[in-house]
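Sequences listed follow chains A and B, in order. Using my numbering, read the first sequence as starting at 1 and increasing by one per residue. Using my numbering, read the second sequence as starting at 1001 and increasing by one per residue.
Be aware that one or more of the hints could be misleading.
Pairs of lysine-lysine residues, derived as DSS-like cross-links and limited to a Cα-Cα distance of at most 27 Å, are as follows [stated by the list, open to error]:
| hint | chain 1 | residue 1 | chain 2 | residue 2 |
| --- | --- | --- | --- | --- |
| 1 | B | K1108 | B | K1131 |
| 2 | A | K215 | A | K185 |
| 3 | B | K1306 | B | K1032 |
| 4 | B | K1134 | B | K1108 |
| 5 | A | K461 | B | K1108 |
| 6 | A | K94 | A | K215 |
| 7 | B | K1306 | B | K1200 |
| 8 | B | K1108 | A | K381 |
| 9 | A | K151 | A | K200 |
| 10 | B | K1108 | A | K12 |
| 11 | B | K1108 | A | K5 |
| 12 | A | K153 | A | K182 |
If you are wondering where the hints come from, they were derived from the structure by calculation, not from laboratory data. It should be emphasised that the depicted structure is a prediction, and the values quoted were computed from it without experimental measurement.
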Amino acid sequence: MSSSKRAIQFLKSLFQYKSALAGSVILLILVAISIYTVIAIPYEQATYLWQAGKDIWLDNPRNALPSWMNTFLPKKLPETIILDTTRNQVGVTKIIVPLGKEMSKVIIEMSFVYNYDDFPSEINLFYESNFTNSPPQLIIYWVNPEGVKLKLKDLTASNKGAYYLSSDEYLMKMLQEYVKEKFGKDPEYDITPEIGLFAKYDETILKKETTSPLKGEYRMIIEGVLFEKESDVNVKLVVYGKVYGMAGTDHLRRDLTIALLWGTPIALSFGITAALSIAIIEMIIAAVSAWLGGRVDFILQRITEINMTIPFLPTLIMIAVFYKLNIWTLLLVIIALSIFGPGVKTYRAAFLQIRSFPYIDAARSYGASNIRIIFFYMIPKILPTIIPSLVLSVPDFVFLEAALAILGLGDPIAPTWGKIIDDAFSAGALFKGYFYWIIEPSLLLILTALGFALLGLSLDKIFNPRLREV
Amino acid sequence: MSFLEVKDLYLYYRTRKGTLHAVDGVSFSIGKGEALALIGESGCGKSSLARCLIRLLPRNVEVFDGHIYLNGMDLMRLSDEDFRKIIRWRKISMVPQAALNSLNPVIKVGEQVAEPLLIHGTASREEALEKVRKMFSLVGIPEAFVERYPFELSGGMRQRAMIAMALIMDPEVVILDEPTSALDVLTQANIMNMLKRIKKEYGVTFILITHDVSVSSELADNVAVMYGGQIVELSEAEDFYKAPLHPYSQKLMASIPSLRGEKHLEYIPGSPVSLINPPMGCRFADRCPYRMEKCSLDPPSITVNKSYVKCWLYAK
Chain A
1 MSSSKRAIQF LKSLFQYKSA LAGSVILLIL VAISIYTVIA IPYEQATYLW
51 QAGKDIWLDN PRNALPSWMN TFLPKKLPET IILDTTRNQV GVTKIIVPLG
101 KEMSKVIIEM SFVYNYDDFP SEINLFYESN FTNSPPQLII YWVNPEGVKL
151 KLKDLTASNK GAYYLSSDEY LMKMLQEYVK EKFGKDPEYD ITPEIGLFAK
201 YDETILKKET TSPLKGEYRM IIEGVLFEKE SDVNVKLVVY GKVYGMAGTD
251 HLRRDLTIAL LWGTPIALSF GITAALSIAI IEMIIAAVSA WLGGRVDFIL
301 QRITEINMTI PFLPTLIMIA VFYKLNIWTL LLVIIALSIF GPGVKTYRAA
351 FLQIRSFPYI DAARSYGASN IRIIFFYMIP KILPTIIPSL VLSVPDFVFL
401 EAALAILGLG DPIAPTWGKI IDDAFSAGAL FKGYFYWIIE PSLLLILTAL
451 GFALLGLSLD KIFNPRLREV
Chain B
1001 MSFLEVKDLY LYYRTRKGTL HAVDGVSFSI GKGEALALIG ESGCGKSSLA
1051 RCLIRLLPRN VEVFDGHIYL NGMDLMRLSD EDFRKIIRWR KISMVPQAAL
1101 NSLNPVIKVG EQVAEPLLIH GTASREEALE KVRKMFSLVG IPEAFVERYP
1151 FELSGGMRQR AMIAMALIMD PEVVILDEPT SALDVLTQAN IMNMLKRIKK
1201 EYGVTFILIT HDVSVSSELA DNVAVMYGGQ IVELSEAEDF YKAPLHPYSQ
1251 KLMASIPSLR GEKHLEYIPG SPVSLINPPM GCRFADRCPY RMEKCSLDPP
1301 SITVNKSYVK CWLYAK
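Construct all of the structure, not just a fragment, from the sequences and the given hints.
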């Protein structure tokens, strides 16, 4: 009862600082994201998705911007359009007409409305068929909103495969010829199939800067012959957009949301665990050293001094290079390298003062053991003063983890913020202008640091009242 | 043999300037339920003597030797761990000198006072807190104070809490090291009265260490005067306050104002003897008005009536 009252009192005095309120709100949001992530996407699933390679992500565009970007951009970027004959979709029809005993004719028509101001990034047609001896033969047509019908390809649909329209050299050449014929001169650039199939066919098509897509209803018509009675064919047309999801995608078509979401609980737990355990262990070492004195003090202090002269980051990098560590082993290594840190020195100085306080002497007189004195009398005495610096040191370890990931030394499996930055960096994101790819994880990192900093600074004002006057 | 008997007790500290003879061959005895007042000026070894009795020694001890018999058991032969388990707080407890600062600031007073019981494992938490309440009413603290933190208590209350803590395990001997030194006179009187009551009702043996002669007169059955690490006089209280024997005791009494009658207050010339390399012979000799040639030899303990005095004046 009284302790809950005291907690409320404490929160009241804390939240009179707006910075504390802001920091807490940021941290609460991050914690909420973490909880949601851990529940909604189990870790195994997340790592599986992140490691799965192209197959799972085949329907996603590469390097797509987050879809909310459309609200801010003057040109409306295309979303991904997927038309699948196995699914019952509006605009997709598949008719099979028997032609005699064995053979049958199949007509697939897929239509969609294209209302965007930019061309799609890629077009793929995936097909799947079953047959015993002779595979179905397909002819693929493209019809644009003006009714121009173009034969794209003759296709033998064997088992499972894909027709990558975007990399069809023949189609490219054909479109180029078509433009030349129509306007009497070569276009000033290579017309890719995406542009050729979606562009407005007027003078603008001759220049890359002016060409724009024709809005309206597009159709893909596939006519084919099935040679066997049991034979069937299904196709999936994917017109890849230039925006995707909450966070966009990377060069491997992966949805960045997964790594951004999972980065949150990993960063928080990594930072908090590291900061907390290092501070507590340092404090225990310092208390033992100060209280027992003599030889124990000598040994602990010499170990600390030696450890302080060993450069932290190079050692850590060396260990991380030799043993490809997962993130929790990395955490343990960081803790192990830091517990004999400078904190031992500062805490010891405080404990040396506390050691001679009368109440410690009194405790000794009524028979309190060394352990009891250290944990019950000495450590609680300095605990309030170190809480602010403890909170402030959390981002250090969040950044450290990200830094290691950027150096390529992070956990090879876990999706983290640092990992995204690493991927973006090695894929030349900034060079190619994929700013969102770098900015998203960086913003989250900065936000985390900001949250802890705002809270820590306000806690400092409460626990060290002398700061308030400054 | 008496209830508590101390024989030839020595405690030397190692310091940078040399060996400090804090307790230098002290012997005395107390009967059960009696109170001994240990009087002396600052730095004469009173507190060191108290620390010897409860074996609360600093790190720089050079010599710690002698015999302390409690009920016939030689405490000096116990190991540190045994001493902690058997003697501390079960037999001998202490109210430390800086009692006002002797409470852990981060623990509630009630729990702090219960600590000895919990440490020695003689009671569960609830029983211990129950005992604390009992003790609080005995020493005159409202029971609600169990839930308070030390900074919420006044000096007198904190002092009472420390006394409650000293009494909580029903020890036979309680050492009071300057129990009232930082308190106002009214609170002093209250606490001394409370101690008197406890002594009468519970038969606790008190060793009262003080530099305040008038406070000591409230409680003491016997008075020991310490000077330069030695007990120079040990008398029954009545005799002592009426007619002290040792020149130092006489000078001490002469420096205290009295209620009745005109009194010319005296002081002792010179400064207290250094306990590092103390002089041979009588340690008070340099300041003594009765200095004789013999005084450069160490005086023996001489029996005068019921008193012991360490002075050549009384040698036959």
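>> So if I understand the rule, the pair passes when the alpha-carbon distance is 27 Å or less; does B/K1108 with A/K381 pass?
In response: Answer holds: B/K1108 to A/K381 is near 13 Å, not above 27 Å.
>> Check the hint pairing A/K215 with A/K185 against an upper bound of 27 Å on the C-alpha distance.
In response: OK: A/K215 and A/K185 at ~25 Å, within 27 Å.
> Within 27 Å, alpha carbon to alpha carbon, are A/K461 and B/K1108?
Replying inline: holds, 25 Å
>> Given the hinted pair A/K153 and A/K182, is their Cα-Cα distance within 27 Å?
In response: holds, 21 Å
>> Can you confirm whether the C-alpha distance between B/K1306 and B/K1200 stays at or below 27 Å?
In response: holds, 24 Å
>> For a C-alpha distance cap of 27 Å, please report whether B/K1108 and B/K1131 respect it.
In response: Holds. B/K1108 to B/K1131 sits at ~15 Å (cutoff 27 Å).
>> Between the alpha carbons of B/K1134 and B/K1108, is the straight-line distance 27 Å or under?
In response: holds, 16 Å
>> For a C-alpha distance cap of 27 Å, please report whether A/K151 and A/K200 respect it.
In response: Measuring from Cα to Cα gives roughly 18 Å; hence the hint holds.
>> Run the distance test for A/K94 versus A/K215: straight-line Cα separation, threshold 27 Å.
In response: holds, 25 Å
> Straight-line Cα separation of B/K1108 and A/K12 no greater than 27 Å?
Replying inline: holds, 23 Å
>> Run the distance test for B/K1306 versus B/K1032: straight-line Cα separation, threshold 27 Å.
In response: Between B/K1306 and B/K1032 the Cα gap is close to 18 Å, so the pair holds against 27 Å.
>> Checking one constraint from the list: CA of B/K1108 to CA of A/K5, max 27 Å. Satisfied?
In response: holds, 16 Å
Of the numbered hints listed earlier, not one is contradicted by the structure.
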